[in-house]
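Participant: So the chains spell out like this:
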Amino acid sequence: MTLNEIIKTFGLTVYAPPADGRVKVEHGYASDLLSDVIANAGRDDIWVTMQMHVNIIAVAALKDIAAVVIVSSHSPADETIGIAKQKGVCVLGTGMTTFETCGRLYAAGIRERGKGTI
Amino acid sequence: MNEANGSKMHLEFPVQGGNFSGAGGASSSIKNVLKQLGIAYDTIKRVAIASYESEINIVAYATRGELLVDIEPGEIAITAVDIGPGIPDIEKALQEGYSTATPLIREMGFGAGLGLSNMQKAADDMVIESVVGEGTTVKMKFRLS
Ligand SMILES: Nc1ncnc2c1ncn2[C@@H]1O[C@H](COP(=O)(O)OP(=O)(O)OP(=O)(O)O)[C@@H](O)[C@H]1O
Ligand SMILES: [Mg+2]
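Read top to bottom, the protein sequences are chains U and V.
Using this note's numbering, the letters of the first sequence map in sequence onto residues 86 to 203.
Using this note's numbering, the letters of the second sequence map in sequence onto residues 53 to 197.
The following block holds chain U by itself, in its conformation from the complex:
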């Protein structure tokens, strides 16, 4: 699925748009712990989290993640959105919980890599 298709299909809020919404997303990871994401998420992955501290942008940029999905209607601060736009990091939002979001992404064919990415 492309990132644009994911946004449309699941009705995700776009806080910061993708640099290229046509990127194909095949893998995903869910975690609220940044070093865990650094260890396990990879390039063009979708990252599901309820963490919304500004540090998520640095981690998403570091790992070239396709999009961060902030769950449970937690909305990021304007400063965080500003930095995401500046760095070209896509930030999305949903009212769904982590469980529900991951379940739907899995049903749509997105899988975990199942091995570390460092």
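If you're looking for bench data, these hints aren't it; they were derived computationally from the structure.
Take the hints with a grain of salt, since some may be wrong.
[Stated by the list, open to error] Computed, partial: chain V to chain U, Cβ under 8 Å:
1. A100
2. I101
3. M160
4. G167
5. N170
Cβ atoms here follow ideal geometry from the backbone N, Cα and C, with glycine treated the same way.
We have chain U; now place chain V with the ligands onto it with these hints.
Facilitator: Structure of chain V with the ligands alone, referenced to chain U:
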């Protein structure tokens, strides 16, 4: 103090303890320098991950510190030096899941106890030296493919 002579380059980035909003600045600058030098993507990734985790540990645990970058033909060295509490048991600190992160640090998404292990995986070689009550030095080397 950035001096490029021929193929050698030495860079220094100060890191302030407790400054979480500026965290990631040094590693992002290092990443940009390596990109400009045309270093391979995989190497840049590894150096960036190790620099970021080092920077966060200085911000989270130390008073202040620096990331020193030495770029030489065939090798990049990153040295994270700090003045801080030091690490009493380095072996324990290296264990995945071991963390002394405060609730405040955890709220920001840190404290998985994986930072040092990520640095070790990213680097080809890593040595930690620490004196309790004085500070910590982590030396990492990355071979250029
Ligand atoms: N520069 C440092 N000065 C003092 N103690 C440190 C330093 N770096 C690491 N430590 C100690 O080692 C522990 C493990 O560090 P590590 O980076 O692996 O995990 P963490 O920082 O606790 O969590 P994470 O990095 O996953 O967010 C820390 O909790 C801390 O007690
Ligand atoms: Mg750490």
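Participant: Given I101 of chain V was flagged as interface, is its beta-carbon under 8 Å from a beta-carbon of chain U?
Facilitator: holds (6 Å)
Participant: Restraint: G167 of chain V near chain U, CB-CB cut 8 Å. Satisfied or not?
Facilitator: This interface hint holds because 5 Å falls under the 8 Å limit.
Participant: Would the hint on N170 of chain V stand, with a C-beta cut-off of 8 Å toward chain U?
Facilitator: holds (5 Å)
Participant: Hold the hint about M160 of chain V up to the distance rule: shortest CB distance to chain U must be less than 8 Å.
Facilitator: This hint holds: M160 of chain V lies near chain U, its Cβ roughly 4 Å from the closest one there, short of 8 Å.
Participant: Close enough to count: is the Cβ of A100 of chain V nearer than 8 Å to one in chain U?
Facilitator: holds (6 Å)
Consistency note: the structure conflicts with none of the earlier hints.
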